[in-house]
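Undergrad: Take any residue in the sequence shown, note its place counting from 1, add 5, and you have its number in the working numbering.
Calculated from the structure, these hints are not laboratory results.
Glycine residues also receive a C-beta, built at the ideal position from the N, C-alpha and C atoms.
Just to be clear, a hint being listed does not mean it is correct.
[Stated by the list, open to error] Per label pair, the in silico range of CB-to-CB distance:
(1) 87 with 7: 34 to 42 angstroms
(2) 119 with 91: 14 to 22 angstroms
(3) 27 with 131: 17 to 25 angstroms
(4) 21 with 104: 27 to 35 angstroms
(5) 92 with 12: 14 to 22 angstroms
(6) 51 with 8: 34 to 42 angstroms
(7) 14 with 91: 25 to 33 angstroms
(8) 30 with 52: 13 to 21 angstroms
(9) 89 with 22: 16 to 24 angstroms
(10) 29 with 52: 16 to 24 angstroms
(11) 87 with 131: 18 to 26 angstroms
(12) 108 with 29: 18 to 26 angstroms
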Amino acid sequence: MTRTVITTENAPALPAPLSQGIRKGPVLQVSGQLPLDPDSGEVVGTTVAEQTAQTLRNVTAVLKEGGAGLEDVVMLRVYLTDPAHLAEMNEAYATAVGEPFPARTTVYMQLPPGLLVEVDALAVLDD
Numbered sequence: 006m007t008r009t010v011i012t013t014e015n016a017p018a019l020p021a022p023l024s025q026g027i028r029k030g031p032v033l034q035v036s037g038q039l040p041l042d043p044d045s046g047e048v049v050g051t052t053v054a055e056q057t058a059q060t061l062r063n064v065t066a067v068l069k070e071g072g073a074g075l076e077d078v079v080m081l082r083v084y085l086t087d088p089a090h091l092a093e094m095n096e097a098y099a100t101a102v103g104e105p106f107p108a109r110t111t112v113y114m115q116l117p118p119g120l121l122v123e124v125d126a127l128a129v130l131d132d
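Based on the sequences and whatever the hints tell you, model everything.
TA: Next up, the structure:
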């Protein structure tokens with residue numbers, strides 16, 4: 006199977022040596038996306054709800070470019086900077102992702118200043 010790099014202008018270019026996504030066969034891994042505007046590269050929002058919504062829009066854009074959608078996601082990993090943000094993130098997440106929810110792990114970590122959330126995704130396609 007060929008490994009294919011997934012790149013889209015509808016998600017921000019990431020400031021690190023990585024691909025926005027990689028697809029190999031039916032498996033598509035989306036790199037951790039940040040709450041950045043794809044056009045300006047600026048952080049979108051100051052609340053975890055706003056940043057979660059933008060981050061998931063970016064994840065969705067990479068999925069779409071790779072031939073997938075949120076319905077193909079089997080695992081999402083959410084990285085938060087503060088455990089106090091969990092309830093607010095969960096509300097924004099539930100709205101953006103919808104049921105049935107994929108499996109998920111939430112990890113608390115330090116992100117660069119102004120960033121409250123990061124999300125990566127693993128999708129499996131039917132082809």
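Undergrad: Mind checking the hinted window 25 to 33 angstroms against the Cβ distance between residue 14 and residue 91?
TA: Since the Cβ atoms of residue 14 and residue 91 sit about 32 angstroms apart, the hinted range of 25 to 33 angstroms holds.
Undergrad: That 16 to 24 angstroms hint for residue 89 and residue 22 (C-beta), does it hold up?
TA: 32 angstroms, violated
Undergrad: Given the hint of 18 to 26 angstroms, check if residue 87 and residue 131 actually sit that far apart at their C-beta atoms.
TA: Given about 38 angstroms between the Cβ atoms, the range is violated.
Undergrad: Do residue 87 and residue 7 keep their Cβ atoms within the hinted range of 34 to 42 angstroms?
TA: 41 angstroms, holds
Undergrad: Using the beta carbons of residue 21 and residue 104, state whether their distance is inside 27 to 35 angstroms or not.
TA: Cβ of residue 21 to Cβ of residue 104: about 32 angstroms, so the range 27 to 35 angstroms holds.
Undergrad: Using the Cβ atoms, figure out if residue 30 sits within 13 to 21 angstroms of residue 52.
TA: Distance hint for residue 30, residue 52 is violated at roughly 38 angstroms.
Undergrad: Is 14 to 22 angstroms a correct range for the gap between the Cβ atoms of residue 119 and residue 91?
TA: 19 angstroms, holds
Undergrad: Starting from the hint 16 to 24 angstroms, judge whether the C-beta atoms of residue 29 and residue 52 obey it.
TA: 36 angstroms, violated
Undergrad: Does the Cβ pair residue 108, residue 29 satisfy 18 to 26 angstroms?
TA: 20 angstroms, holds
Undergrad: Take the C-beta atom of residue 51 and the C-beta atom of residue 8, compute their distance, and say whether it sits inside 34 to 42 angstroms.
TA: Given range 34 to 42 angstroms: holds, Cβ gap about 38 angstroms.
Undergrad: Are residue 27 and residue 131 spaced within 17 to 25 angstroms by their CB atoms?
TA: 18 angstroms, holds
Undergrad: A range of 14 to 22 angstroms was offered for this pair. Does it hold for the Cβ distance of residue 92 and residue 12?
TA: At 34 angstroms between Cβs, range violated.
Consistency note: the structure conflicts with the earlier hints numbered 5, 8, 9, 10 and 11.
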